[in-house]
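A.B. asks: Each chain, letter by letter, is given below.
Number of protein chains: 2
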Amino acid sequence: MGRWEPNPRERLMRAALDLFVEHGYDSTTVAEIAERAGLTKRTFFRHFADKREVLFSGQELLSRLLTDAIIGAPGSASPLDAIGAALEALSVAFGPERREWVRQRQSVVEAHTDLRERELLKSTTLTAAMADALRNRGVEDLVANLAAEIGSVAWRTAFARWVDPANEQGFAELARQTLDELRKATEALN
Amino acid sequence: MGRWEPNPRERLMRAALDLFVEHGYDSTTVAEIAERAGLTKRTFFRHFADKREVLFSGQELLSRLLTDAIIGAPGSASPLDAIGAALEALSVAFGPERREWVRQRQSVVEAHTDLRERELLKSTTLTAAMADALRNRGVEDLVANLAAEIGSVAWRTAFARWVDPANEQGFAELARQTLDELRKATEALN
Numbered sequence: 001m002g003r004w005e006p007n008p009r010e011r012l013m014r015a016a017l018d019l020f021v022e023h024g025y026d027s028t029t030v031a032e033i034a035e036r037a038g039l040t041k042r043t044f045f046r047h048f049a050d051k052r053e054v055l056f057s058g059q060e061l062l063s064r065l066l067t068d069a070i071i072g073a074p075g076s077a078s079p080l081d082a083i084g085a086a087l088e089a090l091s092v093a094f095g096p097e098r099r100e101w102v103r104q105r106q107s108v109v110e111a112h113t114d115l116r117e118r119e120l121l122k123s124t125t126l127t128a129a130m131a132d133a134l135r136n137r138g139v140e141d142l143v144a145n146l147a148a149e150i151g152s153v154a155w156r157t158a159f160a161r162w163v164d165p166a167n168e169q170g171f172a173e174l175a176r177q178t179l180d181e182l183r184k185a186t187e188a189l190n
Numbered sequence: 001m002g003r004w005e006p007n008p009r010e011r012l013m014r015a016a017l018d019l020f021v022e023h024g025y026d027s028t029t030v031a032e033i034a035e036r037a038g039l040t041k042r043t044f045f046r047h048f049a050d051k052r053e054v055l056f057s058g059q060e061l062l063s064r065l066l067t068d069a070i071i072g073a074p075g076s077a078s079p080l081d082a083i084g085a086a087l088e089a090l091s092v093a094f095g096p097e098r099r100e101w102v103r104q105r106q107s108v109v110e111a112h113t114d115l116r117e118r119e120l121l122k123s124t125t126l127t128a129a130m131a132d133a134l135r136n137r138g139v140e141d142l143v144a145n146l147a148a149e150i151g152s153v154a155w156r157t158a159f160a161r162w163v164d165p166a167n168e169q170g171f172a173e174l175a176r177q178t179l180d181e182l183r184k185a186t187e188a189l190n
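Respectively, the protein sequence lines represent chains D and L. Under UniProt numbering, the residues of the first sequence are numbered 1 to 190, in order. Under UniProt numbering, the residues of the second sequence are numbered 1 to 190, in order.
Just chain D, with the same shape it has in the complex (with noise of 0.2 Å):
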């Protein structure tokens, strides 16, 4: 391979979240990151902001395959169908090919405070854009609320199961069997 490999912004990712492993976060330079990508730093520039962007720009992929998910689910669909739809759309973001990577990004974020609270906020506004395509399918705004939040409970309860080095269940099958937990779960709260 030459100078000119594909996927720079695939191979900033790759040498970022090495270097967090091997280094830590706080100690990573952007230089040191376009270095062991064999890039320039400008060119990281143009893909990330920051170095802390590595980690977070999937965000946006993220909430565009949940709201176009449960805008698009059948008229028929329940609140938790819709919310199903969009756990299983997921699954585009979280491939098998991608299940170390994002096992590793995880354990960066869950030893950083800062990286902690940024993915708190996240998970927060993903569930807020969960709700408000709800409310967009005309559900109503508690039970748009509601709905919401058991997709965040379900969406957090798969993810650990597929980050676990033990499972071999994809992501989407993993969201299935979560939410029918969580369904079966609200019979047993009253």
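One or more of the hints may lead you astray.
Treat identical chains as interchangeable: a pair holds within one or across any two.
The list that follows gives simulated cross-link-like pairs (lysine to any residue, SDA-like), each with its CA atoms no further than 20 Å apart [claimed, not checked]:
| # | residue 1 | residue 2 |
| --- | --- | --- |
| 1 | Lys184 | Gly138 |
| 2 | Lys184 | Ser27 |
| 3 | Lys184 | Ser78 |
| 4 | Lys122 | Glu60 |
| 5 | Lys184 | Glu140 |
| 6 | Lys184 | Arg135 |
| 7 | Lys184 | Asp141 |
| 8 | Lys41 | Arg176 |
| 9 | Lys184 | Tyr25 |
| 10 | Lys122 | His112 |
| 11 | Lys184 | Ala77 |
| 12 | Lys122 | Glu110 |
Hints in this document: simulated from the structure, not taken from any laboratory. If you're wondering where the values come from, they're calculated on a predicted model, not measured in any experiment.
Keeping the supplied structure of chain D fixed, place chain L upon it in accordance with the hints.
C.D. replies: Frame of chain D; chain L shown alone:
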């Protein structure tokens, strides 16, 4: 009243909030807060670690109120009954005499990104505390998470209604109403 007025903590909280509303949170210094309260900076720092703490020092009380109520609920109480008891217990912190202060605090927090993020973290921590307290009652993991999230939606909704100037109901009554609406909403999910 002489210089030995009672309750310096309350005076500092009142003075700080007045200054945040008048001059903005960022422009207000601890020295100005102490001066407005007729106290010294040293007294301020005996009560609060920094000016942000004035707005968030209530978190421990809220956590204790929620947790004690869940743990102390009758053995026969369902997960949502225990959550209902927890939300009603918050009325100790959200009494009528506190409403104006809380309302102003809310406007300061909402106008400032860092404070909004801190508020979100606080909310997540309190939701996790409710889920833990439910697990301590023997509630199954996923049911506990779900009930705590429903409690969190109920709280945020009841709180928004309580600080609404058009509202005249007490917090406990609003919490009960909102949780009842959410119980009904769970039936519209599927």
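A.B. asks: Could you run down the list of hints and mark each one as holding or not?
C.D. replies: Outcome of the hint check:
1. Lys184 - Gly138: between (25 Å within a copy, 17 Å between copies)
2. Lys184 - Ser27: neither (46 Å within a copy, 51 Å between copies)
3. Lys184 - Ser78: Both. Shortest intra-copy (16 Å) and inter-copy (15 Å) distances satisfy the 20 Å Cα cut-off.
4. Lys122 - Glu60: Classified as within; 10 Å inside a copy, 25 Å across copies.
5. Lys184 - Glu140: Close across copies (12 Å), not inside one copy (22 Å); limit 20 Å.
6. Lys184 - Arg135: between (24 Å within a copy, 17 Å between copies)
7. Lys184 - Asp141: Answer is between: at 13 Å across copies they meet the 20 Å cutoff, but 23 Å inside does not.
8. Lys41 - Arg176: Answer is neither: 42 Å inside a copy and 56 Å across each miss the 20 Å cutoff.
9. Lys184 - Tyr25: Neither: 40 Å inside a chain and 46 Å across chains, both beyond 20 Å.
10. Lys122 - His112: both (15 Å within a copy, 18 Å between copies)
11. Lys184 - Ala77: both (18 Å within a copy, 19 Å between copies)
12. Lys122 - Glu110: Intra 14 Å, inter 18 Å, cutoff 20 Å: intra and inter.
In the structure shown, a violation is registered for the earlier hints numbered 2, 8, 9, in ascending order.
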